[in-house]
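Asks: Got chain A sorted already, so can you dock chain B onto it with the hints?
Residue strings, one per chain:
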Amino acid sequence: MNPTHDITDITFQNTSQLPQPHTETHKETAGSTVLPQSRPPKILLSLFCSPPLHIFFFLIQRISSKAPKSIDLAYCSLIHTVGKAPQATGQVRLDPLSFPPSLHLESDERNKLAVPLCSPAAGWAGLGRARPGGPTGDTDVVSEAGALAGGSCHSPGGSGLQHPRARARFERAAPDNCPRGRPGCKAWDAPRRRAAGAAPGRYHWLAGQETERRFVGQYRKTEHAAAVKIQSWFRGCRVRAYIRYLNKMMIVIQKWWRGYQGRKHFRKMLKTAYFIMKMNFYNEMAVRIQKRWRGYYIRKYIHNYYKLKKYLEAVSLNNEIVRKELEQFAETKEKEKEKKDLERKEKKKDHQARKMHYLLSTEQIPGVFNSPFRPSPDPMELRLQKAKPLSHRHQQIKENLTKETSDFPTCTSSWTFPMVQPLPPIARQKPQGPFRDTAEVLLQRYKPLEPTLRAATSINSLEKAREEMKREEWRNRIHDNEFLPFSSCQKNQKYDPLIQSSSKYGQITYGTKHFREEHHEKWVANKDFETVLPPIELFDRCGKTYSRAGQIV
Amino acid sequence: MSQRQVLQGVMSLLRPLLLDVVPTIQQTAALALGRLANYNDDLAEAVVKGDILPQLVYSLAEQNRFYKKAAAFVLRAVGKHSPQLAQAIVDCGALDTLVICLEDFDPGVKEAAAWALGYIARHNSELSQAVVDAGAVPLLVLCILEPEIALKRIAASALSDISKHSPELAQTVVDAGAIAHLAQMILNPDAKLKRQVLSALSQIAKHSVDLAEMVVEAEIFPVVLTCLKDSDEYVKKNAATLIREIAKHTPELSQLIVNAGGIAAVIDCIGNCKGNVRLPGIMMLGYVAAHSENLAMAVIISKGVPQLSICLSEEQEDHIKAAAAWALGQIGRHTPEHARAIAVINVLPVLLSLYMETESSEDLQVKAKKALKNILQKCTYLPALEPLLHDAPPNILKYVIGQFSKVLPHDSKARRLFVTSGGLKKVQEIKAEPGSLLQEYINTINNCYPEEIVRYYSPGYSEALLERVENYQPVL
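From first to last, the protein sequence lines stand for chains A and B.
Position 180 (the first sequence) corresponds to 180 in the UniProt record's numbering; numbering is contiguous.
Position 185 (the second sequence) corresponds to 185 in the UniProt record's numbering; numbering is contiguous.
Don't take each hint at face value.
[As the list claims (entries may be wrong)] Under the rule of at most 35 Å between Cα atoms (straight-line distance), these lysine-lysine pairs were calculated in the DSBU-like manner:
1. Lys333(A) - Lys274(B)
2. Lys309(A) - Lys373(B)
3. Lys378(B) - Lys291(A)
4. Lys370(B) - Lys309(A)
5. Lys307(A) - Lys303(B)
6. Lys274(B) - Lys345(A)
7. Lys324(A) - Lys248(B)
8. Lys345(A) - Lys192(B)
9. Lys348(A) - Lys335(A)
10. Lys370(B) - Lys310(A)
11. Lys310(A) - Lys373(B)
12. Lys274(B) - Lys335(A)
13. Lys310(A) - Lys378(B)
14. Lys335(A) - Lys369(B)
15. Lys309(A) - Lys406(B)
16. Lys309(A) - Lys274(B)
17. Lys192(B) - Lys307(A)
18. Lys307(A) - Lys373(B)
19. Lys324(A) - Lys274(B)
20. Lys303(B) - Lys337(A)
21. Lys303(B) - Lys333(A)
22. Lys369(B) - Lys309(A)
23. Lys373(B) - Lys337(A)
24. Lys337(A) - Lys413(B)
25. Lys324(A) - Lys309(A)
26. Lys348(A) - Lys192(B)
27. Lys303(B) - Lys310(A)
28. Lys310(A) - Lys274(B)
No lab work stands behind these hints, which were simulated from the structure alone.
Bound conformation, chain A alone (with noise of 0.2 Å):
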């Protein structure tokens, strides 16, 4: 048997145990950084069942049929010291400085900085180490994985194992023939003796198949128990390694994450703080500017002082203007009255002293008014002189006019004709001459135009009278023959008589014995023909002018 299988037989044993819950170990490593060492194994193995693990033991196999030998040794190499030193940490260090960088397997530097290389994270981070590393990168990688897995490729399928069928056969068979921590398992017993066989030194004092068998007897117990405790401490270390990588790689993603997000958290808010700084500003600027142009209109339009001003000093300018004007009124109002009553009271005094005429003083006889003892006569006696004396027939009217209730148009019993005055002439004089009748004048004044037949037609009339006669006449004609005067195309042609003249009733003598229409009753009006002839404009104003000079008599 290989050791190889051994290996992987173990490890798929330990699989198939699992109930296989792959994102949920997954999530638990992810969460806790630390692994407590308590925890069941069954937890810490599935670990291994992981994608990763698949994908580097099918690295492994790929890996393993390119360069079977160095992989062998290199795993041989790990076994031995595994089996040589049982404290040995089995840690694998990767030499950074030897390129391409090898596999080192210290026991005594477990202090340092050291990637387990059972890890499968390990073979990647190895890996993805060793990549640029130039060409032989991949070899690297091959001795790497190879001296972790090794022997894969001494199975008889080769690439069998990455197939899943190959797979499920290989764990069917793997428990009937190793079942776990029996002694004397061929699974153990092969590494073992390879090692025994690979280095000989070391049981160099046991010769022969007798002190062989009888050491494997004595040591197989203490053996068996070592290798447990390495393969448990090298496990747990393991797990624990690669929980701490998780652990690592989880913090970060999540540094990277957090700080994306913060950043991008950071410059949203800087817009955020940003444009309201900008809003802020702006709105202080539009207070600004609105506070100025709302000073300046309401200054201007609505509260202005010095306008306010000027039109208040108008008002009372214009109130004196008023005032004053209104004064000037009332005074000339005042003094037409004064003058009025002045005047009617003058003609009271005068009709006074043409009624009292009589008391004039003659060239005899002073009158009351003319006292002698005075120094100068009464003015009412200049009145006088003035004056002329009433007439009685004024009062003759008077004493009519007073009597207007009996002029009441069905009063018969005492109806006169009222002895009003008559009416006052008319100031205005009556036109001399007599005149015609105003509609007739209106009529002519505001006529419309009627202009001559000359004016009225248009100067090209005869032109367009032809052209119409010339149309009318192609328009009427009855045939198209056009006239053909001598030619010999008529000659056979028979003389059509007029119309007139081919009655039956015998011929018309118009034209013969008579020009002139001599039956007037059968005029159909009794009216003489007239020509046409050129107007004259003297009798087209004929009975539309004032004057008679046009009218036929």
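Replies: Same frame as chain A, but now just chain B:
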């Protein structure tokens, strides 16, 4: 025989006379009925009860012009007393015949008919509407255009009576084109015609802004001011009423009047006359001042305030005083500048005394109080406020103290004057309820002065001092 029986007898005697064959007798009977009805409403009612009206109305359309005149006179005499009697006339169908009479050739008949229509229309808007519905308005407008002054007068009066009730009726009168003709007659030398014309215009303008603008657009404005100088009192009164009715509507119309110099004319008019003629002028000033502070300032610079204060002190009747107080309040309520203009001429004590007097009417008291309140709330002229400190009742004192509390914190000279004139002492004597507005004002004033001064002017300070003298132990 009782009066009623006499009436019955007279009516029964007069009725057959209306049907007499002699027209003179008919007319004289109608004239007699008219004079009887004219005397009082009992007689007018007797005429209505005597079933005389239908007969009159019937013969109104038939008879000659003299009879028509007399019949219209009867109708007028009956209709003038009460809305019920006027309604009785309308129920007889008199309106249609009266309107036909308006189309008569004789101006006397027209006059009588217009007069009767005017008396019917003046009672209420229903009757007025009935007159309008009868188609009287266009004919009345035609009557204005007649050459007879008397007819013009009566027609203008009738139009005034019709349009005074509602905006719609006024609008009908306007639609008939009355305004232009009325406005032309403002300068007519006849005073009585002027009275009626101005009255008609003011009755039209009083209803709404539109109508007032229509009246203004007839270019009455510089012309109507001459009527304020007329010798006739009623012309003055009606002119002032017209201006008031126009000014009361909008600030723009008031502004127009101010720009035309109307305020000065009105103020002069107030100064020239007495009694009720002043009232519309005073109210006009109040209306103009109420519209805006600029217009109020225009009233002040037109020397309106002294004139109003003269009215306030001179007039005997309470309603004119109330109007003057109201107008002053309207002028003074705008800004401290306005209030100062009023306070300077010492109106505030007069207003206060009017408010305090028991004899003055309730309306006057309310108006005086409102005016005082309006003016005091804006007044910062402290010398005028100080006398009020001593006389005013608490509800007025509140405003006075409030003004002091507003001014004193910012004016050191005023603070000094306030102390020397005894104002601070008076303030300390006021007993205000703690927590009231008055107390707050007093506290504000007290805070303007050092504590010892306030204490010095507090009422019981001398006793406190004496007590301290008593309690003092001299150091020997």
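Asks: Checked against the structure, which of the hints given earlier come out wrong?
Replies: 14, 17, 23 and 24
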